[in-house]
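All chains, full assembly: derive it from the sequences and hints.
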Amino acid sequence: MTPKKTYIHDYCTIENNEIVLNGTSIFKAEPTTFGDFSKQAYRNFDIQYPKFFKMDALSKLAFLGAELLLSPITSSEKENNIALILANNSSSLDTDVKYQESISDKENYFPSPAVFVYTLPNICLGEISIRHQLKSENSFFIFDAFNTEFMSHYANILLDSDKADSVLCGWVEFFDDNYKAFLCTISKEENTKYKNQTIKTLYNK
Amino acid sequence: MEALKEELKNKIITTLNLEDITLEDIHDNDPLFGDGLGLDSIDALELIVILDKDYGIKLVDPKEGKTIFQSIETMAAYIQANRTK
Chain C
1 MTPKKTYIHD YCTIENNEIV LNGTSIFKAE PTTFGDFSKQ AYRNFDIQYP KFFKMDALSK
61 LAFLGAELLL SPITSSEKEN NIALILANNS SSLDTDVKYQ ESISDKENYF PSPAVFVYTL
121 PNICLGEISI RHQLKSENSF FIFDAFNTEF MSHYANILLD SDKADSVLCG WVEFFDDNYK
181 AFLCTISKEE NTKYKNQTIK TLYNK
Chain D
1 MEALKEELKN KIITTLNLED ITLEDIHDND PLFGDGLGLD SIDALELIVI LDKDYGIKLV
61 DPKEGKTIFQ SIETMAAYIQ ANRTK
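Residue numbers (the UniProt record's numbering), protein chains in the order written: chain C, 1 to 205; chain D, 1 to 85.
Hint data in this document are derived by calculation from the structure and do not stem from the laboratory. Check before you lean on any hint, since a few could be wrong.
Stated by the list, open to error - To list a few chain D residues with every Cβ distance to chain C over 12 Å, as calculated:
#1 23
#2 67
#3 73
#4 77
#5 84
Said to hold, decoys possible - Distance ranges between label pairs, derived from CB positions:
#6 21/D with 29/C: 19 to 29 Å
#7 2/D with 51/C: 29 to 39 Å
#8 31/D with 126/C: 22 to 32 Å
#9 110/C with 74/D: 19 to 29 Å
#10 36/D with 21/C: 29 to 39 Å
#11 32/C with 21/D: 19 to 29 Å
#12 2/D with 77/C: 43 to 53 Å
#13 74/D with 44/C: 30 to 40 Å
#14 21/D with 101/C: 24 to 34 Å
#15 31/D with 32/C: 33 to 43 Å
#16 31/C with 6/D: 31 to 41 Å
#17 73/C with 6/D: 40 to 50 Å
Unchecked claim - The list that follows gives simulated cross-link-like pairs (lysine to aspartate or glutamate, EDC-like), each with its CA atoms no further than 16 Å apart:
#18 51/C with 20/D
#19 53/D with 105/C
#20 5/D with 73/D
#21 53/D with 107/C
#22 39/C with 19/D
#23 39/C with 20/D
#24 54/C with 40/D
#25 51/C with 19/D
#26 51/C with 40/D
#27 54/C with 46/D
#28 106/C with 52/D
#29 54/C with 19/D
#30 188/C with 10/C
#31 54/C with 20/D
Where a beta carbon is used, it is the ideal one built from N, C-alpha and C, also for glycine.
Have a look at this one:
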């Protein structure tokens, strides 16, 4: 059986204090920390989700990208069969280091449960799933660099086998206040916007 | 006691990252969980850490938390009666 063609629908890039949606800059802040930038972005898009402020930086980064791509296509009225496939290089190391620092002094040993719960990279998938009420397949991979062929192949398998109606996939890297997120939505529904583009060409734009 | 309550409110806002909540939003007898401040199970664990770290109180039985963390009023009363620092 010939696999059915799949199409990129929307994509979003977050880096250097700027959010770009489908090639257009939609939010830019003056140079600042990611914590401040993410808070400004949350306010700018009028997101109503106080749990955002409890998330670690990696989850905030993934959440913001997913919010822009999934909010227009998800509904609380129906099941949203959207698979999530994300990857990065540093795993949850940024939060791991913070947690380790909180337990390194035996005389002042007060590990924070709220930090500990983010010491796995796939927690950001859970945050996105809770927000958009997804019960679909999700996976998080650690790569040296964004493996676009793998991502594209995995997304196509999920769509061809009807495991998902759409796939949100991409790269969400965060360590020591250096970050880049690239997320896109893919489905079998025809879309000619990016017919000559691939995940790789959009990521490298 | 009033100073302790205000101190607790400040600690809760800061430690639990309650970004959109101000001191005035937290009333002494409001429930901290459920319909009140809407804290969750991880927040409950953070409150146990606050008791230990800032007031020298180790909760031996976590079930006690249900009574202690009902409100700022109950939390302050428990701390005042049991604090070691």
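The hints, checked one at a time:
{"no.": "1", "hint": "23", "in the structure": "holds, 17 Å"}
{"no.": "2", "hint": "67", "in the structure": "holds, 20 Å"}
{"no.": "3", "hint": "73", "in the structure": "holds, 23 Å"}
{"no.": "4", "hint": "77", "in the structure": "holds, 23 Å"}
{"no.": "5", "hint": "84", "in the structure": "holds, 15 Å"}
{"no.": "6", "hint": "21/D with 29/C: 19 to 29 Å", "in the structure": "holds, 24 Å"}
{"no.": "7", "hint": "2/D with 51/C: 29 to 39 Å", "in the structure": "holds, 31 Å"}
{"no.": "8", "hint": "31/D with 126/C: 22 to 32 Å", "in the structure": "holds, 26 Å"}
{"no.": "9", "hint": "110/C with 74/D: 19 to 29 Å", "in the structure": "holds, 23 Å"}
{"no.": "10", "hint": "36/D with 21/C: 29 to 39 Å", "in the structure": "holds, 37 Å"}
{"no.": "11", "hint": "32/C with 21/D: 19 to 29 Å", "in the structure": "holds, 23 Å"}
{"no.": "12", "hint": "2/D with 77/C: 43 to 53 Å", "in the structure": "holds, 48 Å"}
{"no.": "13", "hint": "74/D with 44/C: 30 to 40 Å", "in the structure": "holds, 39 Å"}
{"no.": "14", "hint": "21/D with 101/C: 24 to 34 Å", "in the structure": "holds, 27 Å"}
{"no.": "15", "hint": "31/D with 32/C: 33 to 43 Å", "in the structure": "holds, 36 Å"}
{"no.": "16", "hint": "31/C with 6/D: 31 to 41 Å", "in the structure": "holds, 36 Å"}
{"no.": "17", "hint": "73/C with 6/D: 40 to 50 Å", "in the structure": "holds, 45 Å"}
{"no.": "18", "hint": "51/C with 20/D", "in the structure": "holds, 11 Å"}
{"no.": "19", "hint": "53/D with 105/C", "in the structure": "holds, 13 Å"}
{"no.": "20", "hint": "5/D with 73/D", "in the structure": "holds, 7 Å"}
{"no.": "21", "hint": "53/D with 107/C", "in the structure": "holds, 11 Å"}
{"no.": "22", "hint": "39/C with 19/D", "in the structure": "holds, 10 Å"}
{"no.": "23", "hint": "39/C with 20/D", "in the structure": "holds, 11 Å"}
{"no.": "24", "hint": "54/C with 40/D", "in the structure": "holds, 11 Å"}
{"no.": "25", "hint": "51/C with 19/D", "in the structure": "holds, 9 Å"}
{"no.": "26", "hint": "51/C with 40/D", "in the structure": "holds, 10 Å"}
{"no.": "27", "hint": "54/C with 46/D", "in the structure": "holds, 12 Å"}
{"no.": "28", "hint": "106/C with 52/D", "in the structure": "holds, 15 Å"}
{"no.": "29", "hint": "54/C with 19/D", "in the structure": "holds, 9 Å"}
{"no.": "30", "hint": "188/C with 10/C", "in the structure": "holds, 13 Å"}
{"no.": "31", "hint": "54/C with 20/D", "in the structure": "holds, 12 Å"}
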